[in-house]
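A.B. asks: Respectively, the protein sequence lines represent chains A and B. Its first residue numbered 1, the first sequence is counted upward by one per residue in the numbering used here. Its first residue numbered 1, the second sequence is counted upward by one per residue in the numbering used here.
There may be inaccurate statements among the hints.
Among chain A residues calculated to face chain B with C-beta under 7 Å, some are [what the hints assert, rightly or not]:
no., residue
1, F6
2, D21
3, V22
4, V36
5, G104
No lab work stands behind these hints, which were simulated from the structure alone. Please read these numbers as outputs of a predicted model, since none were measured by experiment. Glycine included, each C-beta is placed from N, C-alpha and C at the ideal position.
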Amino acid sequence: MLSGVFSLLSALLFVVLDAVDVAFTEAAVGAGISTVLMLGTLALTARVEKPAAHSPTLPLFVVFVTGAALIYGTMDMPNFGSPDAPANTHVAPDYLERSPHEIGVPNVVTAILASYRGYDTLGETAVVFTAGIGVLLLLSGLRRRREDEDDAAETKDGKA
Amino acid sequence: MRHHLILRVVTKLLVGTIILFAFYVQFHGDYSPGGGFQAGVIMAVAFILYGIVFSLRKAQQVMPAWFVHKMVALGVLIYAGTGIVSLFMGYAYLDYDALSPHHPEHGQHYGILAVELGVGITVTGVMIAIYYAFAARPPSISDEEW
């Protein structure tokens, strides 16, 4: 539940940052699908948590140190919307200048994703495909089907 | 969920709208925010919602599991096939100018539409397949215990 709320809030944050495509994905995947899948997983697991075997002090310490390091890392980041930021000086102006007459698609994000970065998106699709196949192999009833086939083979043998 | 009348009525109203919105996001993705990935997820959400409210069996009557598994592979094939078409036209792999040599911008447009369609089909398939895989396993907690 909390992760769903968190995803929705970060989707709103992305809207504020003008990253509407990312916000869209976050709202649909983070707040929608993952919450459903998390609930589905919860229904498959046991109901009562096992008692913790060790004290939570060390993990808490690690979490705090990591968080402090991450916050320290943000000190070096350029200000939001700064024209000198690497995101605004590297390839982005080039894409913005070229895509209207090269691609002719108003949504530059789509133009970059599907055309300039077509290979990357193909790889991304392949990753989604692989993830789906992996989950199917691990969770679906493939083993059950094989047992059914064994049963069918046995009955066939019996008839023969 | 036989007795949840409001849920069932609202779901029946919403599922069609969600699918329509998914198609809008899919095919309008080059003008407005969105694209294949988002559209695929939204499309899958429609079937998952239907499955949650009306039982998995009913959802699988609408969208059988074998069809979903075919969709997963079909999307990647459409994407890679678009690239191979441009190869055969004598252009580089995934260079959509090949689809309309006299109007490269039109070619780019068709190419992006085809590729996004591939992404959308794969994502829809994978999301529904994962949901089916999770929901089809017998839960260790029975419904009465909730």
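A.B. asks: A separate judgement is required for each hint: does it hold in the structure or not?
C.D. replies: To see whether the hints hold, each was checked on the structure:
no., hint, result
1, F6, "violated (18 Å)"
2, D21, "holds (5 Å)"
3, V22, "violated (9 Å)"
4, V36, "holds (6 Å)"
5, G104, "holds (4 Å)"
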